[in-house]
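Peer 1: Sequence:
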Amino acid sequence: MRANHINIKMYKRNLVFVAACAGLAFFGVTMLALGPVLNQLGDGANSLPATLSIGIILGTILFGPVVDKFGYKWLLICGALFALAGIQGLANFKDMTVLHTSMFMLGFGGGILNGETNALVAEIYDDSKRGARLSILGAFYCIGALLWTLLNYFIKDYTIPLHFVSCIMFVFVILFIAIQFPKAKPQGSVSLKKSIGLLKYPSLILFALILFFQSGFEGISGNFTVKFLEKMHQTPNNIATLSLTWFTVGMLIGRIPLGSIMKKLKDSATLYLYLSIAVTGVIFLYFAKDIAIVYLSMSLIGFGVGATYPVAFNYLGSAFKELSGTAFSIAIFIGLLGQFTFNKVVGILFDKGDFAYFPFALAFAVVMMMIGLPAAKRKTKIKNIN
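In terms of the numbering used here, the sequence shown opens at residue 19 and continues consecutively.
Think of the hints as simulated: they come from the structure by calculation, not from any bench. One or more hints might be untrue.
[To be verified] With a cut-off of at most 30 Å between alpha-carbon atoms, the simulated DSS-like pairs for lysine-lysine come out as follows:
1. Lys-201 <-> Lys-30
2. Lys-362 <-> Lys-112
3. Lys-245 <-> Lys-362
4. Lys-395 <-> Lys-339
5. Lys-147 <-> Lys-362
6. Lys-395 <-> Lys-307
7. Lys-284 <-> Lys-218
8. Lys-307 <-> Lys-147
9. Lys-339 <-> Lys-249
Produce the entire structure from the sequences given, and follow the hints as far as they go.
Peer 2: In C-alpha cells, the structure reads:
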C-alpha cells in the first residue's frame, strides 16, 4: 500500500488522464482511417483493412507485458509516433506496397494506444471511479473518429485531414514527453508464469470473446458501411461518409451518460440495454428506404455498441489489478482477432459483389455478444491474482 501511495504522488492524475484521452482519440482516427477514403485508393484497397487489423493485433500483444514491466510513458510515445508515421504514409503513398506498410504502422501504433490508454485509466482510478472514467475515455475515441469523418465530409482532398491530424498528434507527443506517468509494477508481481497464468481465468477469456465480436462489429462498420451504401443504395460518397459521423455521434451520446447508468443498473443490465438498441439499429438499416432512416439506424447502432468496451474493461480492471496491462493485452488481442476476421470475411464478400450480407454480419456480431454476456458474468470473480 505504501509503494502505491508513493507512486500516485509522482504524477498528476488529471494530466495523465488527458494524455490517455488524447491517445484514444488518435485510435478513433485509426479505426476509421480507411472508411471515408477506401474507394479513392485504387485496385486492391479492399485488403487494406485486414493489414490495418494485423498491425493493431501486434501492437496489442506488445503493450501489456511492456507496460507492466517498464511503465507507460515511452511505449505511449512510441505508439503515437508509429501512428503518426502511418498517417503520413497514407497521405503520401506512391504504390500499394507502401500503402500496406503505412497501414501496418498505423495499426501497430493504434493497437498500442488503444490498449495502453485503457489500462492506464484503469490503473490510476479505484473501483468507485473506474467505470465512469473509462466511459469518459471511451467518449474520446468517438471524438477522434468524429473529427476524422467530419473533416473528410467537408474536405474532398483526404490528404488535408491527414496532415491536420498529424499536427495535432505531434503536439500531444510533446505533452507525453513532458509529463510523468505511473511507474512499472513492482517486479515481484510481474513474471512470465503469472502472465501466462491469466489464461486460466474463464472470465478473462469470455469477456475477450465478447470483445471479439465487438471489435469485428466496429471494424466492418468503419471500413465497409460507406461502400455498402454506395453499392446497395446508390448513395453519393460524401453523403454515405456522413453515416460514419452519425455512427460516431450515437456512440458518443451513448458513452456520455454510461458512467451514471452503470451506477444505477448492474453492468450486465446496462450492456443488455445498449445491445438491444444496437439490434434495433441493424434492423432499421436492413429495411431503410431513404438516407434519413440510414442515419437514424447508424446512430442507434453506434449508441448500442458504445457500452461494450467500458463495461468489459471495468470488470477486468477490477479483477486483475496486479497485471492489468497484461490482462487488457490478452483481452484486446482476442478481441481484435475478431476485427481481423470480420474485415477479412466482409472484404471477400465485397470483392465478390455480395454487399447485401453486410447487415447480417452486423446482426450476428451483436447477437453473439448478447449470448456470451451471461456466461462471462457468471465466471467473473473479483479477487487478487496469486
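Peer 1: Does each hint hold? Answer for all of them.
Peer 2: We went through each hint and held it up to the structure:
1. Lys-201 <-> Lys-30: Answer holds: Lys-201 to Lys-30 is near 13 Å, not above 30 Å.
2. Lys-362 <-> Lys-112: 24 Å, holds
3. Lys-245 <-> Lys-362: 15 Å, holds
4. Lys-395 <-> Lys-339: Distance of about 18 Å is within 30 Å: holds.
5. Lys-147 <-> Lys-362: Roughly 38 Å between the alpha carbons, so the hint for Lys-147 and Lys-362 is violated.
6. Lys-395 <-> Lys-307: With a Cα-Cα distance of about 39 Å, the restraint between Lys-395 and Lys-307 is violated, given a limit of 30 Å.
7. Lys-284 <-> Lys-218: The hint holds at about 25 Å.
8. Lys-307 <-> Lys-147: 43 Å, violated
9. Lys-339 <-> Lys-249: 47 Å, violated
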